[in-house]
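Trainee: Given next are the chains, with one letter for each unit.
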Amino acid sequence: MIQNRLSFHQSSASLEVIGLPDYSNDENKDQISIISQWKLTIVDKPLIEGKIEHLGPIMDAFYIYSNLLIKNEIPIYESKLIDIKADNLHIHSIVLKSSKPNVKPLVLKIGNSLLSDTINCFDQLNESPKVRIKKTNIPTKIPKKLSFGLNKKVKFFNFFIPPFIAICSLILFSSSFIYFYSPLENIEKKELINPE
Amino acid sequence: MTIWKLRNNNPLRKSYVTNNIKLKEFDALIRITVEMSKYLYPYIREILKSKEDIEENSAIWNDFNRRFIELIKERFNIDSVRVKKLLNQDENDEIIIKSLLILSFCISNHGYQKLKNFLYDF
Chain A
3 MIQNRLSFHQ SSASLEVIGL PDYSNDENKD QISIISQWKL TIVDKPLIEG KIEHLGPIMD
63 AFYIYSNLLI KNEIPIYESK LIDIKADNLH IHSIVLKSSK PNVKPLVLKI GNSLLSDTIN
123 CFDQLNESPK VRIKKTNIPT KIPKKLSFGL NKKVKFFNFF IPPFIAICSL ILFSSSFIYF
183 YSPLENIEKK ELINPE
Chain B
4 MTIWKLRNNN PLRKSYVTNN IKLKEFDALI RITVEMSKYL YPYIREILKS KEDIEENSAI
64 WNDFNRRFIE LIKERFNIDS VRVKKLLNQD ENDEIIIKSL LILSFCISNH GYQKLKNFLY
124 DF
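Chains as they are written, first to last, in our numbering: chain A, 3 to 198; chain B, 4 to 125.
Hints listed in this document are in silico derivations from the structure and should not be mistaken for laboratory results.
Just so you know, not all the hints are guaranteed correct.
To be verified - Here are the simulated distance ranges between beta carbons:
#1 B:S61 to A:D28: 36 to 46 Å
#2 A:H11 to B:S61: 25 to 35 Å
#3 B:Y115 to A:E80: 27 to 37 Å
#4 B:E49 to A:K132: 26 to 36 Å
#5 A:H11 to B:N80: 21 to 31 Å
#6 B:Y115 to A:K132: 17 to 27 Å
#7 A:N90 to B:L122: 17 to 27 Å
#8 A:I4 to B:T5: 36 to 46 Å
#9 B:Y46 to A:S130: 23 to 33 Å
#10 B:N23 to A:I4: 52 to 62 Å
The C-beta atom is built at its ideal place from N, Cα and C for all residues, glycine as well.
Can you make the complete structure from the sequences, with help from the hints?
Mentor: Shown next, in the form of structure tokens:
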């Protein structure tokens, strides 16, 4: 069976996806839902290729890293498959770890221009109506500072929201008693019964 | 004319006017920025690249930085501490690089949503 090939280009980077449509879902013959292979070519760098289970985590790694980079967080991303960290403001170091035993990790150094080219290739793939990518979960290590920040945010809301809701509901509940009990009226009634 | 007026909502500008920017206007500015980024991507990329190997391409970075500072001095309130930071050549590299990176990450068809998310996160 002839496999479909789709390529996404951005300046010095290009991404090629090879696969088949899912005929069980009545997909068009030029669609790719079952990815068998993908290749990421960056000019002057070694070819990066792998299976479908590697594509999702590598794309996620680039997206998370780029977010950390521009949000002034510590730009470090680590997982079983890929590590990305900043050497300085302009150069990023990528370590691709092979799933095969006795294969040394591939180390790449790319600048900001190649990083944005690569991310734009991934964007084109994500936005392409002709390709469907299933997400896979691989455990990742988010920098301590960031995870502390997230916990802190969650803890703050957990701490603040329950008493806030409690106070609001108390005010709402107690306000209804105004209509049931009026101390002034009661005093007047007592005076009428005992005029002395 | 409307866009010119909207620019004055920037508190760093000399001609800052305290108009409350509407959500529609904010969205429109983001869309214009994304379209400009798509158009200017080759230039943005070259500026980023020139800083990677500064010895070879320093002319591109120096030209961009000089023009950036000229524009800031011309149009921004240079008494503001934040503007002074933009003008300080020892400190402004990081701000410029990160701004260019944000623009270069938002040139896809969904770039509008990406840029909006980036801005809401700041």
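Trainee: With reference to the structure, classify each hint as holding or not holding.
Mentor: Hints, one by one, checked against the model:
no.	hint	result
1	B:S61 to A:D28: 36 to 46 Å	violated, 57 Å
2	A:H11 to B:S61: 25 to 35 Å	holds, 29 Å
3	B:Y115 to A:E80: 27 to 37 Å	holds, 31 Å
4	B:E49 to A:K132: 26 to 36 Å	holds, 31 Å
5	A:H11 to B:N80: 21 to 31 Å	violated, 43 Å
6	B:Y115 to A:K132: 17 to 27 Å	holds, 22 Å
7	A:N90 to B:L122: 17 to 27 Å	holds, 26 Å
8	A:I4 to B:T5: 36 to 46 Å	violated, 53 Å
9	B:Y46 to A:S130: 23 to 33 Å	holds, 26 Å
10	B:N23 to A:I4: 52 to 62 Å	holds, 59 Å
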